[in-house]
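2 protein chains.
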Amino acid sequence: MATATQTVSVLTAEELLKHLQGHRRLTRRTIEAFPEDKLFHFSVGGMRPFADMAFEFIGMAIPIVNGVTTGKWEKFAGEKPSTKADLLRLWDEQTAALDEKFPNIPPHRFAEVDTAFGQWTSPGIGTIQYAIDNEIHHRGQGYVYLRALGIEPPHFWERE
Amino acid sequence: MATATQTVSVLTAEELLKHLQGHRRLTRRTIEAFPEDKLFHFSVGGMRPFADMAFEFIGMAIPIVNGVTTGKWEKFAGEKPSTKADLLRLWDEQTAALDEKFPNIPPHRFAEVDTAFGQWTSPGIGTIQYAIDNEIHHRGQGYVYLRALGIEPPHFWERE
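Just so you know, the sequences run in chain order C and P.
Each residue of the first sequence is one higher than the last, beginning at 1 in this note's numbering.
Each residue of the second sequence is one higher than the last, beginning at 161 in this note's numbering.
Honestly, the hints are just simulated from the structure, not real lab data.
Take the hints with a grain of salt, since some may be wrong.
[As the list claims (entries may be wrong)] Stretches of chain P that chain C covers, calculated by requiring three or more beta carbons in the stretch to come under 8 Å of a beta carbon on chain C:
{"id": "1", "stretch": "205-213"}
{"id": "2", "stretch": "228-242"}
{"id": "3", "stretch": "290-296"}
Every value quoted in this text rests on a predicted model; they were computed, and no experiment measured them.
Every residue gets a Cβ at the ideal spot worked out from N, C-alpha and C, and that includes glycine.
So that you can see chain C by itself, here it is in the shape it has in the complex:
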């Protein structure tokens, strides 16, 4: 059924990248807020430590942008960092790589349906949104870990 809203564009690719990088800056600050040992070993309710969640985000960001760009879905090949400094270094490499790669996504690929990593069938935009939402979701869990440790998390609304 055709309605007016179907054709109203609310977000451009450039704005989406800005939104993504804003969230990644907040996640970086969340990683930084953890004491090193707690980052790798502390959790609540039998869940994963925040370093594992952060490495999951790293495993999604560039591989998803590559997949949406090319149709080839290749998992992140790097090893999980074992120190906070190495994790942040890898994070920063991906920040630069995202700025470089994201603008090369062919426009039609945002709407085109594809199966990410042989498993998740969605338009490209949906897969990118899923990566962002997944990062917000687990970062929120990291906030609980920080609170349980008596540490004030970064302000959720600050993205610069």
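Assemble chain P onto chain C, guided by the hints.
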């Protein structure tokens, strides 16, 4: 600086509403997963119980859609429900109201900068994204509460 990506539309208003309602369905299942007393009284790390977070989402959803639509920013006037059944009833009322109101947002208001509730200056789309992101963030915290209670949270990837 004009680049190709600036003009690539990646999301329509209709897709944004669908995305929002998918997240709200997942949040509804998260509310349902809590035993009544835990919903209103349990938390981790000195944080708010999940019912308070859910009521915050209710306080944002329709008031933000109204504000983006009209430029008038009026807080949610209702009282906080004191039972799970009443919370879910209010949730479902807002689900229907969102479906009705969202398509009436004037197209230009997504890009237009406004100050939401006299405090948050952003284009309309940014304010709507903030509400969705805030819900994902705190719902993720609700997942930790559920895990700490030994309860399996709903699947994050299920949105229907």
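_Hint check, failures only_ = The structure conflicts with hint 2 only, although it agrees with all the remaining ones.
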